Structure formats: C-alpha cells, structure tokens
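Please build the complex by placing chain W on the supplied structure of chain H, with the hints as guidance.
Chain order of the listed sequences is H and W. Each residue of the first sequence is one higher than the last, beginning at 1 in the numbering used here. Each residue of the second sequence is one higher than the last, beginning at 111 in the numbering used here.
Just so you know, not all the hints are guaranteed correct.
[To be verified] Straight-line distance between alpha carbons at most 20 Å, and here's what the computed SDA-like set of lysine to any residue pairs gives:
(1) Lys59(H) / Leu19(H)
(2) Lys119(W) / Pro39(H)
(3) Lys59(H) / Gly40(H)
(4) Lys70(H) / Asn211(W)
(5) Lys119(W) / Val44(H)
(6) Lys119(W) / Gln37(H)
(7) Lys57(H) / Gln37(H)
(8) Lys119(W) / Gly40(H)
(9) Lys119(W) / Trp220(W)
(10) Lys119(W) / Leu19(H)
(11) Lys124(W) / Gly113(W)
(12) Lys119(W) / Glu41(H)
(13) Lys56(H) / Asn211(W)
(14) Lys56(H) / Thr212(W)
(15) Lys57(H) / Asn97(H)
(16) Lys57(H) / Thr212(W)
(17) Lys119(W) / Asn211(W)
(18) Lys57(H) / Asn211(W)
Simulated from the structure, these hints should not be mistaken for lab results. In this text, all values refer to a predicted model and were calculated from it rather than measured experimentally.
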Amino acid sequence: TQLLEQSPQFLSIQEGENLTVYCNSSSVFSSLQWYRQEPGEGPVLLVTVVTGGEVKKLKRLTFQFGDARKDSSLHITAAQTGDTGLYLCAGGNYGQNFVFGPGTRLSVLP
Amino acid sequence: NAGVTQTPKFQVLKTGQSMTLQCAQDMNHEYMSWYRQDPGMGLRLIHYSVGAGITDQGEVPNGYNVSRSTTEDFPLRLLSAAPSQTSVYFCASSPIDRGGNTIYFGEGSWLTVV
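The following block holds chain H by itself, in its conformation from the complex (with noise of 0.2 Å):
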C-alpha cells in the first residue's frame, strides 16, 4: 500500500510570512500533485509535476519533486490570509487510483 505524509499537520502563521510544507513516501510516483481545499468546497488542483527535480512556480507558490520522484514540498512566499486552507498531495502513477496525503491545515492571520 502507497502512503504519503505530511507535515507540519498544522500550520499558524502571520501575514506576509513564509512558510514549506512537506509531503513524503517510501513509494515512487509517476506524478504528484498539490490540492488546496477551503471550508465547504472539495479540492482544487493546484499544480502536478512528474519530473525528478521538477520546480514550478504558481505566483507565490513554489513546488518541487523531489529527485527520486518519492517527496514534494510546497513553498508559500509572503503568505496571505486568502492562502488560507487546507492543502493536499496526491501521488499517482499511471493507470493507478491517486493516493492522497492526510493535509496541511494552514491558517494565515491578519
């Protein structure tokens, strides 16, 4: 069976903080992708990365795989108080079910 982790569970910071949260395997995938979910709504994609060492930027988020394609790590630079949420990783391999991480619950204060 495939797990992810991730850490921290639980994040508080102030505004125009930045902060990293991990997501981490013992097992390899093909891709992995980062969710965020706000209070009522599902999940929404943010970004998927499939190479070993990959980094995209999304604005103020930084994402990378890691080389052996086993861990990723979101970076928020400047947090806001709209990047507030609870944000997911999902690991997937072809023709197989995404297997998703327990979360990051980040609340960003004013």
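Relative to chain H, chain W alone:
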C-alpha cells in the same frame, strides 16, 4: 459551468437507514470515484469506475454500493447506515489517464449517522 454536481449537501440518517448520494458530471470523463474525508485521514477511496458498466472497489468499500449505468452518473448507496459512516463524501471525475490528470471534485456531501 457545472463540472461535478453532488446531492444532497447535508443529510442526517438514523442507524440502519439506507440512502443514495447522487453524483453527476458533464465533462464526459470516463473515470469517476467516491472518496470519504475524515479528520487527519485525508481522502480515502471508496469505489471507482473507469466507464459505464464498470465499477471496482477502493480502499474502504464496505457498507457502500455503486453503479455506473451512464457516463454522467455515479450514485453511491449506503445500504444500512452506521455511525462510522459519518463523514464528508466527495465525488470526483477525471479523464481516464488518472495517473497524471486533474481530478475534479464535487463540493461534498456532509453525512451524519445518529
């Protein structure tokens, strides 16, 4: 811009009752799935389907049934509700290459079993 539509949004059931959560998508996706989300446990796959007439079990299938008579619809049935099935349920769809494609989620159904 419907995407994935789930109903009902909220439901309270008594132990032993049955009910069906409805899910419909208008993106012509072959792959559809149901997840449950519990605190600290992320999204766990209940059942999935790769096309009309084809369904399969996910990680936590016990107590749930599904059917896929059309590409658009994928209802989830709770046969005899138990308090352990209190959760938030999400229906999702994606193109068939689910290893790297975007998964589109519905807005969720909050189910409480008393």
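Here is what the structure says about each hint:
1. Lys59(H) / Leu19(H): holds (14 Å)
2. Lys119(W) / Pro39(H): Satisfied, since the Cα-Cα distance of roughly 13 Å is no more than 20 Å.
3. Lys59(H) / Gly40(H): violated (25 Å)
4. Lys70(H) / Asn211(W): holds (18 Å)
5. Lys119(W) / Val44(H): holds (18 Å)
6. Lys119(W) / Gln37(H): Distance of about 16 Å is within 20 Å: holds.
7. Lys57(H) / Gln37(H): holds (19 Å)
8. Lys119(W) / Gly40(H): With Cα atoms ~10 Å apart, lysine 119(W) and glycine 40(H) stay inside 20 Å; holds.
9. Lys119(W) / Trp220(W): holds (6 Å)
10. Lys119(W) / Leu19(H): violated (33 Å)
11. Lys124(W) / Gly113(W): violated (31 Å)
12. Lys119(W) / Glu41(H): holds (10 Å)
13. Lys56(H) / Asn211(W): holds (16 Å)
14. Lys56(H) / Thr212(W): holds (16 Å)
15. Lys57(H) / Asn97(H): Distance ~26 Å between lysine 57(H) and asparagine 97(H) Cα, so the pair is violated.
16. Lys57(H) / Thr212(W): With Cα atoms ~17 Å apart, lysine 57(H) and threonine 212(W) stay inside 20 Å; holds.
17. Lys119(W) / Asn211(W): violated (26 Å)
18. Lys57(H) / Asn211(W): holds (18 Å)
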